[in-house]
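Q: With the sequences and hints as input, model every part of the structure.
So you can see what is in the structure, the chains are spelled out below.
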Amino acid sequence: MLVLIGKFARPHNKIIYASMEEMLFYDRMQFAFTITFHYLFPQLTMGLSLIIVYFKWKYLRTNNEQYNHATHFWMRIFALNFAMGVVTGIPMEFQFGTNWAKFSELTGGIIGQTLAMEGMFSFFLESSFLGIFLFGEKLLGHKWHFVTGLLICIGSWASGYLIIATHSWMQNPVGYEILENGRFVLTNFKALFLNPWLWPSYLHNQAASMVTSSFVVAGIGAFYILSKKNLTYGKLFVKTGVIFGLISCVIVAVPTGDLLAKNVVKYQPVTFAAMEGIFHTEKKGSEIVLIGQPDVKDKKLDNKIAVPNILSFLTYGSWHQEIKGLDQFDESVHPTNISGLYYAYHIMVGLGTIFIGLMAFAVLQLCRKKLFETKWILWSLLFMLPFPYIANTAGWYTAELGRQPWLVYNLLRTAEGGSPTVSSGNTLFTLLGFIGLYLLLGMLFLLLVGKIINKGPHTEKI
Amino acid sequence: MEFFWYVVLMGILAVYIVLDGYDFGAGIIHLFFAKTEKDKKAITNAIGPFWDANEVWIIAAGGVLFFAFPILYASSFSGFYLPLIMILWLLIFRAIGLEMRGQIHHPMWEVVWDKAFGIASLLLALFFGIALGNIVRGVNLGMVVNGVSTQEAHFFFLPLWNPTFSPQANELGIIDWFTLFLGIVSVVALTIHGANWIIFKTNSSLNEKLKNVVFKLNIVLLILVFISLQIWHFIEPKPFHNFIETPILWIFPLITFIGIVGLFKVRTYKKDGSGFVFSTLFLVGGFASTAVSIFPNVLPSTNSVNPSLTIYNAAAHEYGLSVGMSWFFIALALVIVYFVIQYKVFSGKMDDIGYGEH
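Chain order of the listed sequences is X and Z.
Here the first sequence stands for residues 1 to 462, where the numbers follow our numbering.
Here the second sequence stands for residues 1 to 358, where the numbers follow our numbering.
These aren't lab readings, by the way, just hints derived from the structure by calculation.
For each residue, glycine too, the CB sits at the ideal point set by N, CA and C.
Any given hint might turn out to be false.
[Stated by the list, open to error] Per label pair, the in silico range of CB-to-CB distance: (1) Gly273(Z) / Phe33(X): 41 to 47 Å; (2) Phe32(Z) / Asn410(X): 54 to 60 Å; (3) Ala415(X) / His233(Z): 44 to 50 Å; (4) Thr246(Z) / Ile390(X): 43 to 49 Å; (5) Ala253(X) / Phe32(Z): 53 to 59 Å; (6) Ile390(X) / Asn212(Z): 53 to 59 Å; (7) Thr187(X) / Ile227(Z): 35 to 41 Å; (8) Pro386(X) / His105(Z): 25 to 31 Å; (9) Asp327(X) / Ser304(Z): 53 to 59 Å.
A: Here is the structure:
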C-alpha cells in the first residue's frame, strides 16, 4: 500500500500523505470490523422477534404448552443475542464522532436526526420491555406477555428502519443544502423518509434478517431431529423455519432485491458495473457473470462463466439494452475496491439462490409429509445455518463498498471524513483492542448459546 | 432553539447519571461489601432488569448531541478519543460480567465475572467524573502552539495525561489532579447512590451495614465538596457569575445541599426509598450547578486564539432543530409511559426475581 502511495505523491509530502492514508485505513478497518461483528446479532433478533411473537400467538390460540415452551426457548436465545447487539451497538454510535469527526461535523444535522430518533423511539421501547418480557410472564399473564413481545418486535424493526434511513441518505442524499463552510443542512425532513432508496433497502434487509432467523430456527430443529433429542420441538422448529424461510428467501430476491438493483442502476451506475464485473460496455446487451475473478489492472474477468444478454433483460426487461461498463466512468469515481465489491455481490446472490432452492425442496417435502424423514435436507438445513450470516454480511459489503469512494454519494469523499486530530497509532491501538474484546465476546457467546441449545426447550425455569 | 436542545441534552444526561449511576454504585458496593452469595444475588437482582434500559439514556444523549450539536459531538468525541473508547470497553465488560456470571455455576467462573463487573463499575464512575472535570477545565481548541492554531478552531486531541498532572500546564492531559479529584467525588457519590438503591429495592441482610456505609461516605463526600469549591477557582475564575446574574439558578446548589444534608439521616428513614431520593437530588443538583457555572460554554477553550464552544456556535442549523422538536415530544411522552410501566411491573423489592438464571 505504501509503495503504491509513494508512486503518486510528490516527494516532499510523501510522509504526510502516507500517514493520512494509513490513518484512514485503520479508521475504515475499525468501522468495518465493529459493524460486521455488531450486525451478526441484530440480523437474528429482528427476524427472531417476529417468530417468537408467532409462537406466543399460537400458544394463545391453541393453549398448547408446546408453543409456550418454544417461546421461552427462543426468548433465551433472543435475550443473549440482544445483549450482544446492545453492547456492540453503543460503539457504533460513538465511532461517528471518534473516528469520523469531520463527517459528523458536516452531516450531523442530518444523519444525527435519524440516529437520535432511533435512540428515542426504538431503543427505549426495546430495552424497557425486554426486562418485562423476560421476567414478567407470571406477573403479567399470557396476553400481556404476548403484547410485550410484540412491542419488542416493533422496536427492533423501527430501529432497522431508522438505520436504513440514515444509510439511504448516504447512498442517495435528499432534502439537504450545502453551506459555504461545507456543512450539510437539512431542508426537508419528510424527504429523509420518502427517499426512493429507503423502502427497497429496508424491505430487502428485513427479509434478509428473516432468512437468517428462519435458517437458525430450522437448523436447530434439524439438529434436534438428527440427534433424536427433543423431537417434538425439532419438528416444530423445522416446520416453522422452512415456511418462514421460503417466504423470506423469495421476498429477498423478488421484489426487493430486484428493485434495489434497479435503484443502483439508476443512481449509481458505476457501482452497478463494478458489482456485475462489467469492465467494457456492450452495445448489444450485457451478459450476466456467474463466476469469474476480476483482474482490475487489465480490466477483464479471468475464468469467466457467463450467460449472454441476461443482465440486460433482468435490468431493463429488454435483451439488447446497453448497460454502462466501468470504461464509461472516470477512474476517480470508480469504487475503490472493485474486486471486493464484485465478490461481495456475487456471494450474496449466489447464496440467496441456493437458499431459495433448499427452502423450496424442504417445503415441498413438508407438503408431502416426508420432510422429517428426508435426511439430506435436514443435514443441509443444519450445515446451511451459518450461511445466511455470510450472505447478509456480503450484502452489506456490497452496499458499503459500492458507495466508495464516497461517504455521501457524489458529495463527500471518504478521505475527507476522518478525524483530523486522531493519529493512526491511536486508531490501531483501539482497533486491536476491539479485536481482542470481540474475540472474547464471540467465544462467550458461542459457549452460552451452545449451552442453551444443549439444554433444549422443555425446561420449567425461564 | 439551541437553548431548548441544550436543556434536553442536559436533562437526558442528568437522567443517565441518576439511573446508570445507581448501577455503577451497586457494582462498587458489590466489589467491596458483598461477601456472601446471597448479598451478591441481592445486588444483581436489584439492578438486573434495569441496567440495559438505563444504558439507553447514554445512547439517547449521544444521539441528541450528534444531531443538535454536531460540532461539539465531532470535536469532543475525536478529542477525547482514547478515554471514550475505553469507556466503551468498560461498559461492555460490565455488561458481560453481569450477564455471564449466572450462566455457569463454578466458583472460578463466578469470581472472574464478579470482579469484571465490580472493577468496571468502579472505573466507569471514576472516568465519568474525570470526563466532567475535562469539560469544566476546557481544552486547547485548535491545538494552538505559540499562538498559532495547528488545527481547525474546533478540533483538539488530548493524551491520557501529561507528566506534570497539572490542569494549568501548556500541554493538557485527560487525567490531572483536578479531573482526578472530580473522578473521586464521582466514585464516592455514586457509591452512596448505589447503596441507597440496594436498600430501596431489596431486603438484603446487607442493608443495615450499607446504611452505615452511606453515613460514613457522606461525611467524606461533604469534605470533598468543600474542597472542590475551593479548588474550582483555580480552573474557573468566576464560577458564580451566572448565579449572580440570575439568582433563581441558586436553586441547583440548594438542591445539592438538601441532598447531602438529607443523607445524614440515613439511619432513621421511615421509608427505604428516601435515601435514593436524597442522593438523586445531590447528583442532579451537582450536575446542573456545574453546567450552569460554565454556561453558555459547553467546551471552554484554554487559549485566547480560538473561542470556546458554546451552545450557539456548536449547534446544527435552525430548521433541523425545529423539526426535531416535533418528533421529540412524541418520543418523550412514549419514553415516560414505558418508564412508568417498567417500574410499575417491577415495583417493590426485587429479591426473588432470579435474575441471571435464564
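Q: Kindly indicate which numbered hints from before are broken by the structure, ordering the numbers from low to high.
A: Numbers 4, 7, in rising order.
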